[in-house]
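Those protein sequence lines, which keep their order, are chains A and B.
To convert, note that position 196 of the first sequence is 195 in numbering that gives the first Met the number 0; the numbers rise steadily by one, no gaps.
To convert, note that position 106 of the second sequence is 105 in numbering that gives the first Met the number 0; the numbers rise steadily by one, no gaps.
There's no promise every hint is true.
DMTMM-like cross-link-like pairs, simulated, lysine to aspartate or glutamate; straight-line CA separation at most 25 Å [stated by the list, open to error]:
(1) A:Lys296 with A:Glu275
(2) B:Lys120 with A:Glu197
(3) B:Lys79 with B:Glu31
(4) B:Lys79 with A:Glu197
(5) B:Lys79 with B:Asp57
(6) B:Lys194 with B:Asp205
Which bits of chain A does chain B cover? Going by a derived footprint, with three or more residues having C-beta under 8 Å, they are [to be verified]:
(7) 184-192
(8) 203-217
(9) 322-330
Listing some non-contacts, in silico: residues in chain B with all C-beta distances to chain A over 12 Å [to be verified]:
(10) Asp98
(11) Arg119
(12) Leu148
(13) Ala235
Rather than coming from a laboratory, the hints here were simulated on the basis of the structure.
From the three backbone atoms N, C-alpha and C, an ideal C-beta is built for every residue, glycine too.
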Amino acid sequence: MKFALTPRNLVTAALLIGLALLPLYVALTGDRFMLTLFTRIVILAMAAVSLNLILGYSGMMSFGHAAYLGLGGYTTAILSFEGVHSGFIQWPAAIAVSALFALAVGALSLRTRGVYFIMITLAFAQMAYYLASGMARYGGDDGLSLESRSTFAGLIDLSDKTTFYYLCLLLLFASIMLVWRLTNSRFGMVLQGVRSNETRMSAIGYPTFRYKLTGFVIAGTLCGLSGALIANHTDFVSPSMMFWTRSGDLIVMVVLGGMGTLFGPVFGALALLFLEQFLPALISTAVEPFNPAGAAKAGEYWQLVLGPLLLFVVLFARGGIDGMLRALSRRGADAERARHD
Amino acid sequence: MTDALLKVDGLSKRFGGIVATDDLSLTVARGELHAIIGPNGAGKTTLITQLSGQLRCDSGRIQFAGEDITALPPHTRSLKGLARSFQITSLFLDLSVLDNVALAVQAHAGHSFHFWHDARKDDALRQPARAALERAGLSGRADSPAAALSHGEHRQLELAMALAGHPRMLLLDEPMAGLGPEESARMVAMLRALKDEVTILLVEHDMEAVFALADRITVLVYGRVIASGVPDDIRANAQVREAYLGDADKGGVHV
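So that you can see chain B by itself, here it is in the shape it has in the complex:
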């Protein structure tokens, strides 16, 4: 077994009578791109939210790089190298694109109790921010207000911000959501380039992208893992077909 970077044990979360996460266990090995798929309401985003710490789990344990992070607040997890992107674009819309990424860099550059020097002229923040924008393919828009970007560019900015802190692991919540075919293809190419450097947990509805990128896939239904394995196994798994992908001839997956 390869070296586990993220290990989830018996994670559970309910909202009233609804079980969003049901005794979920999951291991993500260092360096792999692990995709989570499942129908709407399967608890994919809830899982990401618990991993990043915005939501407390009811029971279970989350280990990151060998350390128990179950009780840690979001910002501490982020500083330990667990970065998250949001499904619904969550940016600093009234700041410039470069400011957005520079804030992400600054978060990892020690405390921010610096009261006098102009942060916008600080190369220690601006250079890495520009580099992250470059990698996300957004350097041309550095000085635009974030609000002026297209949806596709917002997704790229999300990625740039997640990358800015040099995370050990990225939690990506539907990075292709709402993208056109061309933008999707560009995002896939970007993620493929990234997966050599950083471990990725990818929640995504775009099956083509998932099967093109993932080393392993976990299938979630009603908050419960029904299958986990390499893409070929998942594609062949009868239970998965029934529960989620639909019959092959109905055209659930064309891979």
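Here chain A stands alone, though its shape is the one from the complex:
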């Protein structure tokens, strides 16, 4: 397939270039806050990319994906608390813990389908949440601060915010690359076949369980790594990062951006976190002329706007943001063809 200058490709390219050039913008304007916000966007986009592998490409509606963010984060923070600061130990440990958890959850939950699958993944994530709340040594409900960010034997300094941002961005791009290769491989074709019609897959000779489990573990592992990143980003972990609404946020990112598309989760993460960040102020500004006293309060109800927006996407723009861009591109191509005819 050739790269064509469709709106979809242009917007995606603009997004990637924009992400790559963001530190330049920050250096020019001195707007440090944007760097913090975008680091968070990039890390959560990576988590959403990992969820998309199972939710979007294989139709596994995991409602406990935030557990891996927490597991990766807590592994990092606990090791740091116990005096192990090397990222060469922390990060592989975060990956291993997430992988094992995914293996256990997947082995049980993937024997069920539909609502049961959703409930079991949710239940495991809540278990992880309560486990973290109960660990008095590591802060319990209050969470645990990181004494210092992960160290990499002087090779890379994560306390430099720009460096850290680029590391996160690099890992996001690597995750997208990985998902791209995976989904087009034989393995990925099996996952897509399972999403489309699992009964038929087993009828034509696939032991679907082991492929689903493998996909589930890969997604959990990848998300565990983004958990290690988020712990470094906020220098703090708490049980709330595993709460079920967090898993819901990740699902929203994937659905909003476009399920089963390569860059959809990145669009979704960007859109959701932007709304979360700027919608309250926007609402306050809009309400101010009418009710100056209640303007600040009105901003707190930003989710009242987010809800209908999500409804709109689900009802009218099934493919999410990526789907809208694709429809736009198709219309452009049709117009082009009409001109030639």
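Model the placement of chain B on the given structure of chain A, informed by the hints.
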């Protein structure tokens, strides 16, 4: 007696009080096209579903190529060469026609734990898939999404997918269901061409097609075999006429 490829012994299946399969025994010889007919609710699809393994039988034994497969899961049966097509179209509708068949080829090409190379550029999968589409008369639609095909083309795609794994035996569940006369005729021609290469168990309501194609016919009523034999015997069988085909002058069978 010719060499038996599929041998069913005393197969039974109940759903609550309903006996769907009742002590059913059946032998399909290698190379024959064996048709199963019977009125609605006779348990034809239930039989196919038990043979392909989606449904466990309550009792009885199924042997395929001399091996007991009664306890094997569907995918293992499929890998042993027992392929099934579905009565209600069961495809990967959001994938392309060629992807559908390529998935069927891939199922028989060893494990699928290959994570890096583009499966859509893999000639080892794409070539046999194209060949199967060619044989099912669908090569012109290879790149369409499966959802865009007509009903008749869906039936052809079902067949292409069943063929893709080079099965030893095909279980075809009403391949002519819902087809127009022209499409039906084309399907009959295709099956006739196939029956030289592969053993076929055919469940079908279209009597014209059944009597045109079958080497042997088994008649099922309420999950029980009431007759089994060559087409001429079945046509002449009084019990069959009474139970199923209706009186000749009522026009049950015009063959």
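Hint by hint, here is what the structure shows:
1. A:Lys296 with A:Glu275: The hint holds at about 15 Å.
2. B:Lys120 with A:Glu197: holds, 24 Å
3. B:Lys79 with B:Glu31: Between Lys79 (chain B) and Glu31 (chain B) the Cα gap is close to 18 Å, so the pair holds against 25 Å.
4. B:Lys79 with A:Glu197: This hinted pair holds, its Cα atoms lying about 20 Å apart.
5. B:Lys79 with B:Asp57: The given pair, whose Cα atoms are some 22 Å apart, holds under the 25 Å limit.
6. B:Lys194 with B:Asp205: holds, 18 Å
7. 184-192: With 8 residues in contact (Cβ-Cβ under 8 Å with chain B), the coverage given for the stretch 184-192 of chain A holds.
8. 203-217: holds (count 7)
9. 322-330: Violated, because only 0 residues of the stretch 322-330 of chain A bring their Cβ atoms closer than 8 Å to Cβ atoms of chain B.
10. Asp98: Its Cβ does come within 12 Å of chain A, the nearest being 7 Å, so this is violated.
11. Arg119: violated, 6 Å
12. Leu148: holds, 15 Å
13. Ala235: Correct as stated: the minimum Cβ-Cβ distance to chain A is 37 Å, above 12 Å.
Checked against the numbered hints listed earlier, the structure breaks hints 9, 10 and 11; every other hint is satisfied.
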